[in-house]
Amino acid sequence: MEPEIAVPITSDADILTARQLGRQVAARTGFGEGDQTVIAAAISEVARNIVRYATRGEILLRPINHGSRRGLLVVARDQGPGIPDLTLAMQDGYSTGNGFGVGLPGTRRLMDEFEIASEPGRGTTVTMRKWARS
Amino acid sequence: MEPEIAVPITSDADILTARQLGRQVAARTGFGEGDQTVIAAAISEVARNIVRYATRGEILLRPINHGSRRGLLVVARDQGPGIPDLTLAMQDGYSTGNGFGVGLPGTRRLMDEFEIASEPGRGTTVTMRKWARS
Amino acid sequence: MEVPILKLGAYLMASIQSALTDADLLHLRDALVDQVGRFRSRGVIVDVTALDVMDSFAARTLSDIAHMIRLRGADTVIVGIQPDVAMAMVQLGLRLEGVATALDLEEGLAFLARSTRERISGGA
Amino acid sequence: MEVPILKLGAYLMASIQSALTDADLLHLRDALVDQVGRFRSRGVIVDVTALDVMDSFAARTLSDIAHMIRLRGADTVIVGIQPDVAMAMVQLGLRLEGVATALDLEEGLAFLARSTRERISGGA
Ligand SMILES: Nc1ncnc2c1ncn2[C@@H]1O[C@H](COP(=O)(O)OP(=O)(O)O)[C@@H](O)[C@H]1O
Ligand SMILES: Nc1ncnc2c1ncn2[C@@H]1O[C@H](COP(=O)(O)OP(=O)(O)O)[C@@H](O)[C@H]1O
Numbered sequence: 001m002e003p004e005i006a007v008p009i010t011s012d013a014d015i016l017t018a019r020q021l022g023r024q025v026a027a028r029t030g031f032g033e034g035d036q037t038v039i040a041a042a043i044s045e046v047a048r049n050i051v052r053y054a055t056r057g058e059i060l061l062r063p064i065n066h067g068s069r070r071g072l073l074v075v076a077r078d079q080g081p082g083i084p085d086l087t088l089a090m091q092d093g094y095s096t097g098n099g100f101g102v103g104l105p106g107t108r109r110l111m112d113e114f115e116i117a118s119e120p121g122r123g124t125t126v127t128m129r130k131w132a133r134s
Numbered sequence: 135m136e137p138e139i140a141v142p143i144t145s146d147a148d149i150l151t152a153r154q155l156g157r158q159v160a161a162r163t164g165f166g167e168g169d170q171t172v173i174a175a176a177i178s179e180v181a182r183n184i185v186r187y188a189t190r191g192e193i194l195l196r197p198i199n200h201g202s203r204r205g206l207l208v209v210a211r212d213q214g215p216g217i218p219d220l221t222l223a224m225q226d227g228y229s230t231g232n233g234f235g236v237g238l239p240g241t242r243r244l245m246d247e248f249e250i251a252s253e254p255g256r257g258t259t260v261t262m263r264k265w266a267r268s
Numbered sequence: 269m270e271v272p273i274l275k276l277g278a279y280l281m282a283s284i285q286s287a288l289t290d291a292d293l294l295h296l297r298d299a300l301v302d303q304v305g306r307f308r309s310r311g312v313i314v315d316v317t318a319l320d321v322m323d324s325f326a327a328r329t330l331s332d333i334a335h336m337i338r339l340r341g342a343d344t345v346i347v348g349i350q351p352d353v354a355m356a357m358v359q360l361g362l363r364l365e366g367v368a369t370a371l372d373l374e375e376g377l378a379f380l381a382r383s384t385r386e387r388i389s390g391g392a
Numbered sequence: 393m394e395v396p397i398l399k400l401g402a403y404l405m406a407s408i409q410s411a412l413t414d415a416d417l418l419h420l421r422d423a424l425v426d427q428v429g430r431f432r433s434r435g436v437i438v439d440v441t442a443l444d445v446m447d448s449f450a451a452r453t454l455s456d457i458a459h460m461i462r463l464r465g466a467d468t469v470i471v472g473i474q475p476d477v478a479m480a481m482v483q484l485g486l487r488l489e490g491v492a493t494a495l496d497l498e499e500g501l502a503f504l505a506r507s508t509r510e511r512i513s514g515g516a
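Protein chains in written order, with this note's numbering: chain A, 1 to 134; chain B, 135 to 268; chain C, 269 to 392; chain D, 393 to 516.
Treat the hints as calculated values from the structure; they're not laboratory data. Zero decoy hints are in this set.
Cβ-Cβ distance ranges computed for the label pairs, FRET-style:
{"id": "1", "chain 1": "B", "residue 1": "T230", "chain 2": "D", "residue 2": "E510", "range": "44 to 52 Å"}
{"id": "2", "chain 1": "D", "residue 1": "P396", "chain 2": "C", "residue 2": "K275", "range": "30 to 38 Å"}
{"id": "3", "chain 1": "A", "residue 1": "H66", "chain 2": "B", "residue 2": "A266", "range": "42 to 50 Å"}
Stretch by stretch, here's where chain D covers chain A in the computed footprint (C-beta under 8 Å, at least three residues):
{"id": "4", "segment": "10 to 21"}
{"id": "5", "segment": "34 to 40"}
{"id": "6", "segment": "43 to 49"}
{"id": "7", "segment": "96 to 102"}
{"id": "8", "segment": "106 to 112"}
Partial list, derived from the structure: chain C residues whose beta carbon lies under 8 Å from chain D:
{"id": "9", "residue": "V301"}
{"id": "10", "residue": "D302"}
{"id": "11", "residue": "G305"}
{"id": "12", "residue": "R308"}
{"id": "13", "residue": "D332"}
{"id": "14", "residue": "H335"}
{"id": "15", "residue": "M336"}
{"id": "16", "residue": "R338"}
{"id": "17", "residue": "L339"}
{"id": "18", "residue": "R340"}
{"id": "19", "residue": "G341"}
Ideal Cβ positions, reconstructed from N, Cα and C, are used throughout, including at glycine.
Assemble the whole structure, with the sequences as input and the hints as a guide.
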């Protein structure tokens, strides 16, 4: 199994670190430049949500395989306040902060697989995968 | 009874094959060009859902009669993951992928009759009919 | 089925010749977004006259193309949507909102001539 | 990482050199809105060529900059959005609607020259 990289997210600057590491791991995994940018953008969105809504958390990055396909697993998790209504949070334009509200639905559009789990008071976990084009 | 055409759907290119065959069968059945395009568009949507969400499945095309009326029956079926909440899936704008979420509700608007059945873990079947204007 | 892209002075023209698979459409998108910078084009025309059907994936991809090209500083116009195709699109719920359209190539060129002049003179 | 702002005659040019934190972006916004008045600038160019990613916060901040500068009586143009960045933005749902864009610095300067001339001659 490939090593996993864990990036602690506690500040603005960690958002940059996470997306830059994500881009590097994606490049090593065989993603083209376009997909590297897509992955970096997705990481930027979920990392910012951690800082903004949960104060702290972490991003895990792991290269994965499915048969001969290479991919990247990105997990963003925190023990913050959680999201009471996930259906609402996944809607374009919905924001309890002052964002555009495109972070979560947009990130789903960027990635091939996207799951979000959240328990109010316990935290939020976003699990997403992107597969390299062969 | 008219012969039935079964189009296996496993790839991008099969979406084109299915909608082009659908157009041909519709033309032979007596549909005008406008309705041929409507039928081709409906087939395109359900065929893409098979590729995207169920990986593989098939489209059945059969000319039908009701009294003196001629029509076309289109069945799209797969043994994919199924749809847990059909009411939600039939809503405009609802997508678990990265589509517009208009595929299913839009297809219902295009056709005269539309039914969808799905069992989680067992697959999805869309049954729809269009009647030629006499 | 690759879509040929022609360079017409300051414009690029992509002329769809037949039905396209989803992969063909994505390829067209990537090629246009790349070439608009390479050739410093001011406008892009996508001619869909030969398209048999515009389904939700094609509509989304054309809309994405127009917005991506916009971010690269140029304008896009979709030309040649046939009457039957337009009718099926609207019934499906596809409206190409925020995307410029014109009847045919001639009108599309006229649109770009105006919009790029406009853009130059500070409109928009 | 502070963004240098250059004064080019009647224009200000902010040239982003690398990835920026949210705080850097807000700092850039405040500095531009302040300096456009201080230097009585007629136009602002923000060059994002070096930006690795334009996420929703960066897009919102650039859009805010353009609208704030507009309220101060000057024009803004964003230049240098790279093909990959444009593609990821549109997939995210970020369109920078109502914000002028140009391919690169040269096109951005040409845009401002024409838009500010228009504005002076009473157009727009
Ligand atoms: N990690 C998180 N913890 C708690 N709430 C979150 C988290 N991520 C997102 N949310 C909630 O979901 C909403 C939608 O998020 P998003 O789509 O990223 O838009 P935005 O960040 O622009 O508000 C947020 O406004 C917030 O209420
Ligand atoms: N054949 C299918 N198998 C499993 N799920 C499906 C199938 N067709 C549709 N769905 C589900 O229904 C949702 C809505 O479908 P649709 O209206 O066609 O919009 P879109 O394809 O743009 O998401 C999809 O996002 C998907 O979750």
